[in-house]
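Chemist: Below, each chain spelled out in residue letters.
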Amino acid sequence: MNLQIFLAISAVLFATGLAAVLSRANAILVLIGIELMLGAANLNFVAFWKFSPSPSDLTGVMFALFSIAVAAAEVAVGLAIIILVHRRMNTVDVDDADELKG
Amino acid sequence: MITLPLIPLLPLLAAGATALMPRGRRGPAAGAAIFAQAASTLLALAAFAGTLGGGHDGPACLNFEWIATGGGTLRLGMLIDPLSAGMALMVSFVSLLIFVYSLGYMKDDANFARFFCFLSLFSGAMLGVVLSNSLLLTFACWELVGLASYLLIGFWFHKPEAAAAAKKAFLTTRVGDMGFLIGMLWLYASTGTLLFYDGGNGCLEASAVSALAAQTVGFGLAASNVIALLIFCGAAGKSGQFPLHVWLPDAMEGPTPVSALIHAATMVAAGVYLVARVFPIFAATGVTTGALVVVAWIGAGTALMAALIAVAQTDIKRILAYSTVSQLGFMMLALGVGSVPAAMAHLIAHAFFKALLFLGAGSVIHGVGDEQDVRKMGGLRKYQPVTFLTYAVGMMALSGVPFFFSGFWSKDEILHLAHGWPVSHVPFFLAGAAAFLTAFYMTRQMCFVFAGSYRGGVHPHESPGVMTLPLVVLALFAVGMSIPLTPAWPWLHGYHAGHAPELDLARLVDHGFLTIAGLSVLLAGSGIAAGYWLYRKFSPTDPLERAWAGGFRVLAGRFFIDELYAATIIRAFGFLGRAAAAIDRIISAVTMGAAGILARAFSALADFFDRMGVNLGFDSLCGGLKDGGDLFSSWQSGRVQSYLRILAAGTVVLLFFVGWLLS
Numbered sequence: 009m010n011l012q013i014f015l016a017i018s019a020v021l022f023a024t025g026l027a028a029v030l031s032r033a034n035a036i037l038v039l040i041g042i043e044l045m046l047g048a049a050n051l052n053f054v055a056f057w058k059f060s061p062s063p064s065d066l067t068g069v070m071f072a073l074f075s076i077a078v079a080a081a082e083v084a085v086g087l088a089i090i091i092l093v094h095r096r097m098n099t100v101d102v103d104d105a106d107e108l109k110g
Numbered sequence: 069m070i071t072l073p074l075i076p077l078l079p080l081l082a083a084g085a086t087a088l089m090p091r092g093r094r095g096p097a098a099g100a101a102i103f104a105q106a107a108s109t110l111l112a113l114a115a116f117a118g119t120l121g122g123g124h125d126g127p128a129c130l131n132f133e134w135i136a137t138g139g140g141t142l143r144l145g146m147l148i149d150p151l152s153a154g155m156a157l158m159v160s161f162v163s164l165l166i167f168v169y170s171l172g173y174m175k176d177d178a179n180f181a182r183f184f185c186f187l188s189l190f191s192g193a194m195l196g197v198v199l200s201n202s203l204l205l206t207f208a209c210w211e212l213v214g215l216a217s218y219l220l221i222g223f224w225f226h227k228p229e230a231a232a233a234a235k236k237a238f239l240t241t242r243v244g245d246m247g248f249l250i251g252m253l254w255l256y257a258s259t260g261t262l263l264f265y266d267g268g269n270g271c272l273e274a275s276a277v278s279a280l281a282a283q284t285v286g287f288g289l290a291a292s293n294v295i296a297l298l299i300f301c302g303a304a305g306k307s308g309q310f311p312l313h314v315w316l317p318d319a320m321e322g323p324t325p326v327s328a329l330i331h332a333a334t335m336v337a338a339g340v341y342l343v344a345r346v347f348p349i350f351a352a353t354g355v356t357t358g359a360l361v362v363v364a365w366i367g368a369g370t371a372l373m374a375a376l377i378a379v380a381q382t383d384i385k386r387i388l389a390y391s392t393v394s395q396l397g398f399m400m401l402a403l404g405v406g407s408v409p410a411a412m413a414h415l416i417a418h419a420f421f422k423a424l425l426f427l428g429a430g431s432v433i434h435g436v437g438d439e440q441d442v443r444k445m446g447g448l449r450k451y452q453p454v455t456f457l458t459y460a461v462g463m464m465a466l467s468g469v470p471f472f473f474s475g476f477w478s479k480d481e482i483l484h485l486a487h488g489w490p491v492s493h494v495p496f497f498l499a500g501a502a503a504f505l506t507a508f509y510m511t512r513q514m515c516f517v518f519a520g521s522y523r524g525g526v527h528p529h530e531s532p533g534v535m536t537l538p539l540v541v542l543a544l545f546a547v548g549m550s551i552p553l554t555p556a557w558p559w560l561h562g563y564h565a566g567h568a569p570e571l572d573l574a575r576l577v578d579h580g581f582l583t584i585a586g587l588s589v590l591l592a593g594s595g596i597a598a599g600y601w602l603y604r605k606f607s608p609t610d611p612l613e614r615a616w617a618g619g620f621r622v623l624a625g626r627f628f629i630d631e632l633y634a635a636t637i638i639r640a641f642g643f644l645g646r647a648a649a650a651i652d653r654i655i656s657a658v659t660m661g662a663a664g665i666l667a668r669a670f671s672a673l674a675d676f677f678d679r680m681g682v683n684l685g686f687d688s689l690c691g692g693l694k695d696g697g698d699l700f701s702s703w704q705s706g707r708v709q710s711y712l713r714i715l716a717a718g719t720v721v722l723l724f725f726v727g728w729l730l731s
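In order, the protein sequences belong to chains L and D. Count the first sequence with the numbering used here and you get residues 9 to 110, in order. Count the second sequence with the numbering used here and you get residues 69 to 731, in order.
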């Protein structure tokens, strides 16, 4: 098991998430894509920590844990925004929520 | 002496205070006016008492500097001498009586307070005229009394006749005042002072007067003559002398106390007083030449003309108004023949009995419900006994009933002096005819008003005590003034001439005096008899009109002098006015047209510049900015995913770039 395999999985995961974020119209699915990209980043943190010269310091795991906690908060805020958008515009399609256009 | 300015100032202050009071304060307004008038009467009495001793040289003056200019100083002043003291006492006392009478007469008027304000203004200004020691101050106060007269004639300004009469009075007297003003300026230019008496430097004192008499201005006239005639223009306007008499009868539109005070007793006598005051200028070249001849002729002519007109009038106040004009003519005649004391004696006697007659007429008018036509009165002696008795006293004083009435002595003296005038005897005959007519028309009026039976509609009643009391006081004076006027003890003469009179009964039986006195008794007696015989029974058409219709129409039409003025002077001024208006219109059409074209051309240019320069440049700049903004804002689609796509593509490009840099 070497580092390259983790990085490859992480890259695939990130690319999948990015594809979902850029292409899906449903805001829930865009949020899911973001979660996938965050997961890929966390995987990278853990993998680089595991194969680092001093794995006894627990730095990578701690960073990943913080990142998960922040992501959870971010999901809560994101979902709340989506619910409000749905209440106001009766849609969760991100292409329809374009009120900030110039 | 130091209280002298207070005599005119107190009524003026009362007028000011009344003017500042809220509307409708009847009690305080009348109280202030009467209190101030009473105080000023007392001061005038004190000043009069101070002049009784006589013997001091020249008048006592109180001069002060008014304006200092580059060329010199204008000085005003006040003076007290027998002439002004007697006049001031008469004016303030008659004013006081008439103020009291007005309490009753104006009781129901809504503008009671305003009336007393104007009366006080008048009284203050009139006392200013009397006590002034400067022709300039005289002129200022003279115009003020003119203003007060205007305000009071037009007091009931909602009546069109009253408003027209006020305007007529103001404008007619202004014609004379123009002459007065020019004369005054000339006097100032010639003598350098307008003070009457100034310790030898005044314009009425010997050096100035002889200088004026010595200076000839052409046509053989001395400067003093021309100045005197110009000042006489003002005096004639104020005193209703021909040809400026037309305003005085119309002035009867004012309330009756005003007619009594201003247009009978005081203001109209101001002209006579002015001539008496500046008499040294009139007499500078001798008393039988120059301006005084004109004064005598105009006086005598006015006396007869007004007496003739009075014969045919039917308005109770107009008869008295023409009688006033006639009596003022007598005073002017006295001045013209060179006697200031005779003129002043008649002035003061006349003030009392004519104020009495006017107030009596007011009482009659009040009693019969504001009727002024004598044909609709009659029999009032039963209903108004006090008014009848006092009116009869006034009538006899005016007619010259002998011995116990002041008018007899003063008029008789004027006739006597006119008879002795060396220039011509004609004024004497004119005045004699006027004296006869005076008795005649007054008898006619008495018959119409008080004799026979009542012909009016309203039940007549006697006036209240506040109105009859002044009548009684004035009647006492009309009788009592005869004592200091008799030739046997000519107190008033001596007072004016500055020496003590002595009792000399021999003068009463002097041959010259007896002739003239007999003649004037004859004139008055025949006038009264003729009047009584013609009018003892009332008839709707005047007996005189039946006998002599054409002449009567001319007299009733007042010689058509008003119509003559309307057809000549007023028409000429109307034509001049219209011509000036037409020229004005042409000039304004041309200049306004040119100015309009210029302004429009300029504005078109400015508009073009605005549109082409400012608008176009600025608009294109703004348009460019807006287009740019539109372009950039269209990039802001508001779609999150398209932003992310660009972000992702940008990141990829950046990665490749970094990789290329590192390799």
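Derived from the structure by calculation, the hints contain no laboratory data. One should not assume that every hint holds.
Claimed, not checked - Short derived list, chain L residues pointing at chain D, Cβ under 8 Å:
1. Val-29
2. Val-102
3. Glu-107
4. Lys-109
C-beta atoms are modelled at their ideal positions from N, C-alpha and C, and glycine is treated no differently.
Chemist: It remains to establish, for every hint, whether it holds in the given structure.
Modeler: The hints, checked one at a time:
no. : hint    : in the structure
1   : Val-29  : holds (6 Å)
2   : Val-102 : holds (5 Å)
3   : Glu-107 : holds (6 Å)
4   : Lys-109 : holds (3 Å)
The structure agrees with every numbered hint stated previously.
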